[in-house]
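S.K.: Same order as they appear, the protein sequences are chains A and B.
At position 23 of the first sequence the residue is numbered 269 (our numbering), and the sequence of numbers has no breaks.
At position 28 of the second sequence the residue is numbered 274 (our numbering), and the sequence of numbers has no breaks.
Hint data in this document are derived by calculation from the structure and do not stem from the laboratory.
A portion of the hints provided could be inaccurate.
It does not matter which identical chain is meant; a pair holds if it fits inside one copy or across any two.
Result set (DSSO-like, lysine-lysine): computed pairs, CA atoms no more than 30 Å apart in a straight line [stated by the list, open to error]: (1) K260 - K249; (2) K411 - K260; (3) K252 - K367; (4) K249 - K411.
Just so we're clear, the structure is a prediction, and the values are computed from it rather than from any experiment.
2 protein chains.
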Amino acid sequence: MSKLLKDCVGELSKLPGIGRRTAMRLAVHLLRMESESVAEMTSAISRFRNEIRRCRHCNNLSDDELCSICSDPERDRTTVCVVEQVSDVLSIENTHQYRGLYHVLGGVISPMQGIAPSDLKIDLLVDNIARGEIREVILAVSTSVEGETTLFYIMNRLRQFPGLKVTSIARGIGFGDELEYVDELTITHALRNRREIE
Amino acid sequence: MSKLLKDCVGELSKLPGIGRRTAMRLAVHLLRMESESVAEMTSAISRFRNEIRRCRHCNNLSDDELCSICSDPERDRTTVCVVEQVSDVLSIENTHQYRGLYHVLGGVISPMQGIAPSDLKIDLLVDNIARGEIREVILAVSTSVEGETTLFYIMNRLRQFPGLKVTSIARGIGFGDELEYVDELTITHALRNRREIE
Numbered sequence: 247m248s249k250l251l252k253d254c255v256g257e258l259s260k261l262p263g264i265g266r267r268t269a270m271r272l273a274v275h276l277l278r279m280e281s282e283s284v285a286e287m288t289s290a291i292s293r294f295r296n297e298i299r300r301c302r303h304c305n306n307l308s309d310d311e312l313c314s315i316c317s318d319p320e321r322d323r324t325t326v327c328v329v330e331q332v333s334d335v336l337s338i339e340n341t342h343q344y345r346g347l348y349h350v351l352g353g354v355i356s357p358m359q360g361i362a363p364s365d366l367k368i369d370l371l372v373d374n375i376a377r378g379e380i381r382e383v384i385l386a387v388s389t390s391v392e393g394e395t396t397l398f399y400i401m402n403r404l405r406q407f408p409g410l411k412v413t414s415i416a417r418g419i420g421f422g423d424e425l426e427y428v429d430e431l432t433i434t435h436a437l438r439n440r441r442e443i444e
Numbered sequence: 247m248s249k250l251l252k253d254c255v256g257e258l259s260k261l262p263g264i265g266r267r268t269a270m271r272l273a274v275h276l277l278r279m280e281s282e283s284v285a286e287m288t289s290a291i292s293r294f295r296n297e298i299r300r301c302r303h304c305n306n307l308s309d310d311e312l313c314s315i316c317s318d319p320e321r322d323r324t325t326v327c328v329v330e331q332v333s334d335v336l337s338i339e340n341t342h343q344y345r346g347l348y349h350v351l352g353g354v355i356s357p358m359q360g361i362a363p364s365d366l367k368i369d370l371l372v373d374n375i376a377r378g379e380i381r382e383v384i385l386a387v388s389t390s391v392e393g394e395t396t397l398f399y400i401m402n403r404l405r406q407f408p409g410l411k412v413t414s415i416a417r418g419i420g421f422g423d424e425l426e427y428v429d430e431l432t433i434t435h436a437l438r439n440r441r442e443i444e
């Protein structure tokens, strides 16, 4: 087997969800692409990896010191939505329903994986709230054990701000989900948080 | 959204089977990788795209003028297995059952996609056989209509060599299946049960 091909397939299959077969298929596709298109792709990957920064204010990915959301004067600066990772910001942004700011923790507290509260951007969140502009903190962390631990840790840290509203995104049955396949914990939450139909 | 991130996700999602969500997940993963590992990956992709060659003898991907299989003195030079594409060579090699040479056509005859016999490396195959060393040609093209058309076209071209044995891999492979996605065992059986075309 060609060493160039082997190296390319080997490197591609280091990516998550890409096995050797998929990597091989991608390599064959690269040959069909224009050389310039492949150069644009590798250049975009390199630039992203080497030039991307973290927003000084919210820890979101950013091209500059402040991210495009934090520097947008149209955003509601009294609400902050706390998420685990960068992709969560995009998931919420795609709904076009939220106009506040974000705060990216960079993970969840996990003693198993050796992730302590100090490894997350929780101090930065507390500092931002201490400045007094924020009225509501929406906690949008995942429902895993680690997520719940993180949620309670942050809630404790935020007790020092008496006027601050702290909410959590609703747990329930997703649209299109069939009850048959939904886990017990979610159904329990969905039942407890039932709402009267107006 | 960060322009660097948007560019990276945009470029990655141009790859087949990679949607925007997967591209986003890959981008997040790139940030967790060491900068040097990402550089190794982009470099392997670039080198593969720019330096890879076609074997002068069999049209397989190669680092040099002759591919590692054609230049291997251990291979049986009296048998040649004709496949559609580069990944098919690897699928067959993975079975460790075949010790002959290969011939990569580079596609199949497809009037719908405007692929004529002259667009494939069929002349090169005929030239190789005319040299007289090859005793058997195994046709391992897919069972699609285009594959069958290609098979019959090649068979007609090979009628000029009276002593040549022309076989086709056994119909152990389901209709519509592409060699690239078939498991090793099925490919092994299909190779063993190849039958002479009357």
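S.K.: A separate judgement is required for each hint: does it hold in the structure or not?
M.R.: To see whether the hints hold, each was checked on the structure:
1. Taking identical chains as interchangeable, the C-alpha atoms of K260 and K249 lie at most 30 Å apart whether they share a chain (17 Å) or sit on different chains (25 Å).
2. Taking the shortest Cα distances, K411 and K260 never come within 30 Å of each other, neither inside one copy (43 Å) nor across copies (43 Å).
3. With identical chains, the CA atoms of K252 and K367 are at most 30 Å apart between copies only, with a shortest distance of 24 Å across copies and 40 Å within one.
4. For the homomeric pair K249 and K411, neither the shortest alpha-carbon distance inside one copy (59 Å) nor that between copies (33 Å) is at most 30 Å.
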